[in-house]
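J.: Given next are the chains, with one letter for each unit.
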Amino acid sequence: DAKTTQPPSMDCAEGRAANLPCNHSTISGNEYVYWYRQIHSQGPQYIIHGLKNNETNEMASLIITEDRKSSTLILPHATLRDTAVYYCIVRVANRDDKIIFGKGTRLHILP
Amino acid sequence: DTAVSQTPKYLVTQMGNDKSIKCEQNLGHDTMYWYKQDSKKFLKIMFSYNNKELIINETVPNRFSPKSPDKAHLNLHINSLELGDSAVYFCASSQETRSPLHFGNGTRLTVT
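So the sequence lines, in the order shown, correspond to chains S and Y. Under this note's numbering, the residue at position 26 of the first sequence is numbered 27, and the numbers go up by one with no gaps. Under this note's numbering, the residue at position 46 of the second sequence is numbered 27, and the numbers go up by one with no gaps.
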């Protein structure tokens, strides 16, 4: 079972910031938070990951709360191409870890 | 250049047949995976291999047999196909255990 909880769907206007929440209240100290997205008919695509600190890359920003029980993925200027299912995953960094995808959040970017 | 490539993209076959899906990655990664995405869009891990060694084998029927001839390839052979095997199968790879997964674009298997 997935260790994360996400809203099933969200809408965001094109050009605005999309903020996708994720709860992971049972996260362990050695578990990282990863975000992937799956655009229709494609394989999942890695977005970003973090352990404690906030992270930013060319695609998005990841904000992790101080207690690490939740996080938010921020797409700063959403475009129509960002319409996808977004998955929040927690995983331990060892080779036996089963990377489990939950149901994700279906993000609709509205023109 | 495609980093993780799967063939075929579509596979339609009849119940009882045996089929294979091939996966190759040109990223030099040590670990490869097979995931199954069913009609409800749940993405579930099936297998993972690290340097040709089987690491994870989820509760998958033994009709499914992964084969890793070298660390750049992880093929999936399925015997005696059943209707319930219809799904999209994704291959993925990663460099180290902490590094992100790189997925192929999937093979849509339809069993009639």
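These aren't lab readings, by the way, just hints derived from the structure by calculation. Glycine residues also receive a C-beta, built at the ideal position from the N, C-alpha and C atoms. Any given hint might turn out to be false.
In the DSS-like style, the derived pairs of lysine-lysine whose C-alpha atoms are separated by at most 30 Å in a straight line are [what the hints assert, rightly or not]:
| id | chain 1 | residue 1 | chain 2 | residue 2 |
| --- | --- | --- | --- | --- |
| 1 | S | K104 | S | K53 |
| 2 | Y | K17 | S | K104 |
| 3 | S | K104 | Y | K22 |
| 4 | Y | K52 | Y | K17 |
| 5 | Y | K52 | Y | K0 |
| 6 | S | K4 | Y | K17 |
| 7 | S | K70 | Y | K3 |
| 8 | Y | K17 | S | K99 |
| 9 | Y | K22 | S | K70 |
| 10 | Y | K0 | S | K4 |
| 11 | S | K53 | Y | K48 |
| 12 | S | K4 | Y | K22 |
Example chain Y residues on the side facing chain S (calculated, C-beta under 10 Å, incomplete) [to be verified]:
| id | residue |
| --- | --- |
| 13 | L8 |
| 14 | F23 |
| 15 | L24 |
| 16 | K25 |
| 17 | E39 |
| 18 | N43 |
| 19 | R44 |
| 20 | S46 |
Pairwise CB distance ranges (calculated) [stated by the list, open to error]:
| id | chain 1 | residue 1 | chain 2 | residue 2 | range |
| --- | --- | --- | --- | --- | --- |
| 21 | S | L81 | Y | P50 | 36 to 46 Å |
| 22 | S | N54 | Y | L35 | 33 to 43 Å |
| 23 | S | P77 | Y | S80 | 23 to 33 Å |
J.: All hints are to be evaluated individually against the structure, with a verdict given for each.
T.: Status of each hint after checking the structure:
With a CA separation close to 24 Å, the supplied pair K104(S) and K53(S) stays within the 30 Å bound. Between the alpha carbons of K17(Y) and K104(S) the distance comes to roughly 14 Å, so the proposed pair stays at or under 30 Å and holds. A C-alpha spacing of about 8 Å is found between K104(S) and K22(Y), which places the hinted pair at or below 30 Å, so the restraint holds. In summary, the hint linking K52(Y) to K17(Y) is supported, as the alpha carbons are separated by about 21 Å, within the 30 Å threshold.
Distance hint between K52(Y) and K0(Y) is fulfilled; the C-alpha atoms sit about 21 Å from each other, no more than 30 Å. Using a Cα cut-off of 30 Å, the hinted pair K4(S) and K17(Y) holds, with the two alpha carbons roughly 19 Å apart. As the CA atoms of K70(S) and K3(Y) are separated by approximately 39 Å, the hinted pair breaks the 30 Å bound. At most 30 Å may separate the alpha-carbon atoms for a hinted pair to count; K17(Y) and K99(S) meet this at roughly 13 Å.
Between K22(Y) and K70(S) the alpha-carbon distance is near 26 Å, which keeps this suggested pair within the 30 Å criterion. This hinted pair does not check out: K0(Y) and K4(S) have alpha carbons roughly 34 Å apart, beyond 30 Å. Restraint check: the Cα-Cα separation between K53(S) and K48(Y) comes to about 38 Å, which exceeds 30 Å; the hinted pair is violated. For the proposed pair K4(S) and K22(Y), the alpha carbon gap of about 17 Å is at most 30 Å, so the pair holds.
Violation of the interface hint for L8(Y) is found here, the shortest Cβ-Cβ separation to chain S being roughly 12 Å, above the 10 Å cut-off. Against a cut-off of 10 Å between C-beta atoms, the interface hint on F23(Y) holds, since the closest Cβ of chain S lies about 7 Å away. Interface hint at L24(Y): satisfied, since its Cβ lies 4 Å from the closest Cβ of chain S, which is below the 10 Å cut-off. Interface restraint check for K25(Y): the shortest CB-CB distance to chain S comes to about 8 Å, inside 10 Å, so the restraint holds.
Of the supplied interface hints, the one on E39(Y) holds, with its beta-carbon coming within about 7 Å of a beta-carbon of chain S, less than 10 Å. At about 19 Å, the closest approach between the beta carbon of N43(Y) and any beta carbon in chain S exceeds 10 Å, and the interface hint on this residue is violated. The closest approach between the C-beta of R44(Y) and any C-beta of chain S is roughly 21 Å, which is over the 10 Å cut-off, so the hint fails. For S46(Y), the interface hint is violated, since its Cβ never comes within 10 Å of a Cβ in chain S; the closest pair sits about 19 Å apart.
Separation of L81(S) from P50(Y) is about 41 Å and conforms to the stated range, judged on CB atoms against 36 to 46 Å. Between N54(S) and L35(Y) the Cβ separation comes to about 35 Å, which falls inside the hinted range of 33 to 43 Å. Range check, P77(S) to S80(Y): about 25 Å between beta-carbon atoms, so the 23 to 33 Å window is met.
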